[in-house]
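Okay, here's what each chain looks like letter by letter:
2 protein chains.
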Amino acid sequence: MLIVQKYGGTSVGTIERIQSVARKVAACQAEGNQVVVVVSAMSGVTNNLTAMAFELQKEPSPREMDMLLSTGEQTTIALLSMALEEIGCPARSYTGGQVRILTDSAFTKARIQEIDGDKIRADLDKGKVVVVAGFQGVDDEGNITTLGRGGSDTTAVALAAALKADECQIYTDVDGVYTTDPRVVENARRLDKITFEEMLEMASLGAKVLQIRSVEFAGKYNVPLRVLSSFEDGPGTLIGSEDESMMEMPLISGIAFTRDEAKLSVVGVPDVPGMAYSVFGPISDANIEVDVIVQNIGADQTNDITFTVQKKDAEKAARILKETAERMGAKGIEVDDKVAKVSLVGVGMRSHAGIASKMFQALSKASINIQLITTSEIKISVVIEEKHLESAVRALHSAFDLENPTI
Amino acid sequence: MLIVQKYGGTSVGTIERIQSVARKVAACQAEGNQVVVVVSAMSGVTNNLTAMAFELQKEPSPREMDMLLSTGEQTTIALLSMALEEIGCPARSYTGGQVRILTDSAFTKARIQEIDGDKIRADLDKGKVVVVAGFQGVDDEGNITTLGRGGSDTTAVALAAALKADECQIYTDVDGVYTTDPRVVENARRLDKITFEEMLEMASLGAKVLQIRSVEFAGKYNVPLRVLSSFEDGPGTLIGSEDESMMEMPLISGIAFTRDEAKLSVVGVPDVPGMAYSVFGPISDANIEVDVIVQNIGADQTNDITFTVQKKDAEKAARILKETAERMGAKGIEVDDKVAKVSLVGVGMRSHAGIASKMFQALSKASINIQLITTSEIKISVVIEEKHLESAVRALHSAFDLENPTI
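As you go down the protein sequences, you meet chains Y and L in turn.
Taking our numbering, the leading residue of the first sequence gets 1496, the next gets one more, and so forth.
Taking our numbering, the leading residue of the second sequence gets 1496, the next gets one more, and so forth.
Derived by calculation from the structure, the hints in this document are not laboratory data.
Note that the Cβ used here is the ideal one computed from N, Cα and C, for glycine as well.
Watch out, some of these pointers could steer you wrong.
[To be verified] The calculated lysine to aspartate or glutamate pairs, modelled on EDC-like cross-linking and capped at a C-alpha distance of 16 Å, are: (1) K1614/L / E1636/Y; (2) K1688/Y / E1737/Y; (3) K1614/Y / D1635/L; (4) K1614/Y / E1636/L; (5) K1614/L / D1635/Y; (6) K1553/Y / E1581/L; (7) K1553/L / E1581/Y; (8) K1806/Y / E1784/Y.
[Stated by the list, open to error] Covered stretches of chain L (chain Y as the covering partner; in silico rule of three or more C-beta atoms under 8 Å from a C-beta of chain Y): (9) 1506 to 1515; (10) 1537 to 1548; (11) 1553 to 1563; (12) 1571 to 1578.
Here chain Y stands alone, though its shape is the one from the complex (with noise of 0.2 Å):
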């Protein structure tokens, strides 16, 4: 197999875990793999040159930005390869821009174009682990770039698609995918398996392993993923494509939930077309993202549009809504920041009626009101009271059975 492994700044923070995370790289390679090993910037590095950066300049410019960054994680491939080559495992380390992940020249926030993936196949052939820098890659006029937040698992994914890797294996410090927050729900189960697209919907709900980007990327190329513990044995979660492997998948695969929300209503807007681009485009411009939207219309012919925000863009979003309802007409607006979102995801959801039901039932028999309900596909997200946050989220793990496997 062909196995790309990426492991972050935690998983490389000291020398002695460096060490590990080689012993970890050789006995892959040892069972017959060729290994291609994607890493970060020792925890820690990043934020000192950043700060350094911030000494210097307000705004440091993006491309010297880059210019700095981009050392930290071409100290731990050169670093990882020498630990490598002390317990006989021959390597070779590569900057981004030596193997060139060419990107479009977006400093700081990088998109990668481009891999060429010859270098790093002559070297698996020779039976060498290559050890690539994540995070980094180089624009058509030799400039480094940076991916942004998460790059190294871009990195990763996209060496994966490129080289037609079996697996892209993420090293963490958690041990795969839950079926919920652990610390929420205490037998909260590690799932085997997940699709692309269940892990999307967890990962934007706010049950963060894995990057949005890396996992959209792997979708997209249908790469394997595989999210796994650096400091403890296990299989992890693999996250896939919804095949035939997949038809035993159980109904729902997790809930997730943010706190991270805040409600704004305008209520009684006069029903007229354009009316929800009058609402959002001032929002919109604003640079403030939104989340829920729902509207109803009312029996005396007016709207009630309600919408959820990052608690941060609260009291910003408020103002525009402000102005925006006196010039609509509208009979006012209520803003409630003591809300949170639950989400019940699963591919299952598609084929089998009755799931929304049975979680407004499980909600009701908890007790605690629903403010909001919007579904998609493979996910239906309520938004209720902050305080009742918890309970609801145990209470929907045990109605649908999550601790225990399905099959």
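Given the coordinates of chain Y, work out where chain L should sit on it, guided by the hints.
Quick look at chain L alone, frame taken from chain Y:
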């Protein structure tokens, strides 16, 4: 003028010092010059990286060592560019590879073969300061290489040569080249000018201001070098060719010395051809560098051969010499590691007789016994008892009136 400036690790050792360097660079540009800046890693950084490498590998892979160490300079170029931009001086940083400082593949001690100055010239013509990472290059396969000790000086001189710069300014923690070490002779004087050849003799004899290699390089390509202080203003010392402007050069430029010598003799060696090779072949095979060599033929037609090595090699050299002496039927060997070497350096001595005898007279007046003498076109060296070193240097400094400018 097109000026290449080089700042070493101490000069960029803190954020404040980087800001101070930025002000110096901006001032130089504001005077109407085009400026290319070469920087080293912040002081301490290279040592930290090296320490990590040695924790991982007893003999770190040279290729990975270069991958690792080159991050030090890359960090500095980004930070200095930010500092320059912050004070309104447009700047652009480049790694060695990005301006194609092409070297051979001798990792950790690579030699520069070629530099592509096009990118730099284009940026200079746009009014930018160009900041280049010292100490590093790239081989023709795209591997990162480093130039070894003093590599940043070499980078600066090579860039100055490639760009046909008017001057290459090396900023250090001293304000120029002195007639001798001011710690030994209080009224040692800063030299305004010195020739490449003199500087080579001064440097190799222990007056450590510039790396020998960069002086050789500058001499070869006739790049005027100026040594200046990063911390105080002043004209520094100009190192140049021996042209008409050098006609006013004094007889003697300075006095170099080193305590790091041990003297070995093999006495009563039968006078047969190949004798010198028999003595020095085994020494050289053991990678021991020999400095002064003197041979005398005695009345009994046997030879005494005396030479000096670095103190650290004395014991090993003595062991080898003992074997050689026995094999050759010599009378015996003598070892003395309590010696020092003092050298008078000056291009003026080429055309003036009597310098040597004036030197011997001065030492004699100071009751200092001379053990060995060697001469070259522009220097006279004597080996003396180590305990007399400082008084010898003082006596010579005063005898040749070096505390006073000659013109």
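Evaluation of the provided hints:
1. K1614/L / E1636/Y: 10 Å, holds
2. K1688/Y / E1737/Y: 10 Å, holds
3. K1614/Y / D1635/L: 14 Å, holds
4. K1614/Y / E1636/L: With Cα atoms ~10 Å apart, K1614/Y and E1636/L stay inside 16 Å; holds.
5. K1614/L / D1635/Y: Distance ~14 Å between K1614/L and D1635/Y Cα, so the pair holds.
6. K1553/Y / E1581/L: 8 Å, holds
7. K1553/L / E1581/Y: 8 Å, holds
8. K1806/Y / E1784/Y: Within the cut-off at roughly 11 Å; holds.
9. 1506 to 1515: It holds, with 3 qualifying residues against the three required.
10. 1537 to 1548: Result for this restraint: holds, n = 3.
11. 1553 to 1563: It holds, with 8 qualifying residues against the three required.
12. 1571 to 1578: holds (count 6)
Every hint, counting from the list given before, is met by this structure.
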